[in-house]
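*Asks:* Protein sequences, first through last, are from chains A and B. As numbered in the working numbering, the first sequence has no gaps in its residue numbers, which increase by one up to the final residue, 179. As numbered in the working numbering, the second sequence has no gaps in its residue numbers, which increase by one up to the final residue, 1184.
The set of hints was computed from the structure by calculation and includes no laboratory data. You may find that some hints are simply not true.
Subject to a maximum C-alpha distance of 30 Å in a straight line, what follows is the list of computed DSSO-like cross-link-like pairs (lysine-lysine) [as the list claims (entries may be wrong)]:
1. 1005/B x 120/A
2. 1178/B x 176/A
3. 171/A x 1005/B
4. 171/A x 1178/B
5. 172/A x 31/A
Taking CB as the label site, the calculated pair distances span [what the hints assert, rightly or not]:
6. 1035/B x 160/A: 40 to 48 Å
7. 129/A x 1076/B: 40 to 48 Å
8. 134/A x 1019/B: 37 to 45 Å
The beta carbon of each residue, even a glycine, is placed where N, CA and C say it ideally should be.
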Amino acid sequence: MSDDSVPLALPLPRLAAGSAEVTALYRELRKPLLRYVVCLGLTADEAQDVVQDAFLSLQRHLASGGDQENIRGWVFRVAHNLARNRQTSYHRRFGETLDGGRDFPAEDATPEQVMLESEKLRRFAAAIQLLTKSERECLLLRAGGLRYREIGEVLGIAISTVGETVERAMKKLAEKCNV
Amino acid sequence: MCDVKAKLVAWLDRELTPEEASTVEHHVEECRECRHWVATYERVSQTFDAYCDAMLATKAPCRARWVPVLAGALIAATAVCLAFLRTRVVHPAVVEPPAAIASAPVLEPPVVEPILHKPMIRRYHPAQQIREIATQEQPMDAAIQIAIPAEAMFPPGAVPNGINFIADLRIAPDGSVKQVRLRQ
C-alpha cells in the first residue's frame, strides 16, 4: 500500500459540515481521490473538479444530517459516480487512458534507473489494460486505502466478490508482468 | 496447489478473521511456494502504487509543465525588447557637427544653428559605461621616461659632471617600442 493510504478502520468522530474534521478528511483523502479518478481516465482538471464536487456533496450530506457510517467509502462512491458520469458524457471508454505508451518520469534517479523503471511501469500498464473493468476498479480502490467492505459499497458488490476479484487481478498482474 | 493460496492477498490486506489469518500465517511459514507468492503480491502492490502515482504525476502537472516554457519565452522576449530599445536610444544620441562645415571656406558669416534636437538621454549599460571611460582615459601609446646619467654614455671627462639625458620611449599597444627620443 502507498504511504498516503488512508488509515483503515479509523474511528471518526461525529462530523459536522465545515468542521475541522471535514477539513482533515479533505486533506487526508484528496490525493488518494485524485489518484483514483485520474487512473479512471479523467484529465487533471476533471479530476480536480470531481474531487471538489465530491466534498461539496459531503458538506451538503453532513448539513442535511446524512448517515456518517463509512464516510470514506461514501466520498469515494460519490467521486466514482461523478467520474463515471463525466466519462459517459464525454463518450469515453473506461480505462482508455491507462495506456502503455506513456513515459513515467522519475526523480532522483540515474538515467539507467529511469529507463528501467519506465520500462517496468510500461509493461505494468499494458498488463493493467488486460484486466476487466471490475478488477481494475477494485485494485484502484484498494490502492486508495479502502477496505473490502468499503470497496464493495462503492462498486455495489459483495465483500466476498471483492476479495475474489482482487485476488484474481493480483494473480493476473503477477503472471503478466514479472515484477 | 495450496488451498491457502487463494487467501494470500486477503491475508496481506488484513481482511481475514483472526482464525483464518493465524492459519494462513502458519502455513506461509512452512510453505515455500506461498512465501514466493506473498513476496510477489507485495511487489505487485508496490508497483501498482507506483503506477498510480506516475499516472497522477504525469497528468496532474499538465499546466505546470508549460509554466517554465512560458516563463522562458517571456524572459527571452523581454531581453530582446530591452536590447532593441537600448540600440534605438544610443545610436541617434551622438550628435556631432559635421567636420566638412567647420573646415569649408566661409563665404557668409557663419551662423551657428542651435541644435533643435531635444537632448536625448543616453541610457548606458553599466558595462558599456565602464568600457567607454576606459577607452577615454587610456592613451593610445604609453610613454616611459628613463633618466640616463651622461657619464654612463660618454667616457670620463667628455661631458661635465651632473648632466643627465632623458630617454622618452613610446610603447605601441602590442608592447613593442614605437619611438625613442633622447633629450637632455
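*Asks:* Determine for every hint whether it applies to the structure shown.
*Replies:* How the hints compare with the structure:
no.: 1; hint: 1005/B x 120/A; in the structure: holds, 25 Å
no.: 2; hint: 1178/B x 176/A; in the structure: violated, 86 Å
no.: 3; hint: 171/A x 1005/B; in the structure: holds, 10 Å
no.: 4; hint: 171/A x 1178/B; in the structure: violated, 91 Å
no.: 5; hint: 172/A x 31/A; in the structure: holds, 27 Å
no.: 6; hint: 1035/B x 160/A: 40 to 48 Å; in the structure: violated, 25 Å
no.: 7; hint: 129/A x 1076/B: 40 to 48 Å; in the structure: holds, 42 Å
no.: 8; hint: 134/A x 1019/B: 37 to 45 Å; in the structure: violated, 29 Å
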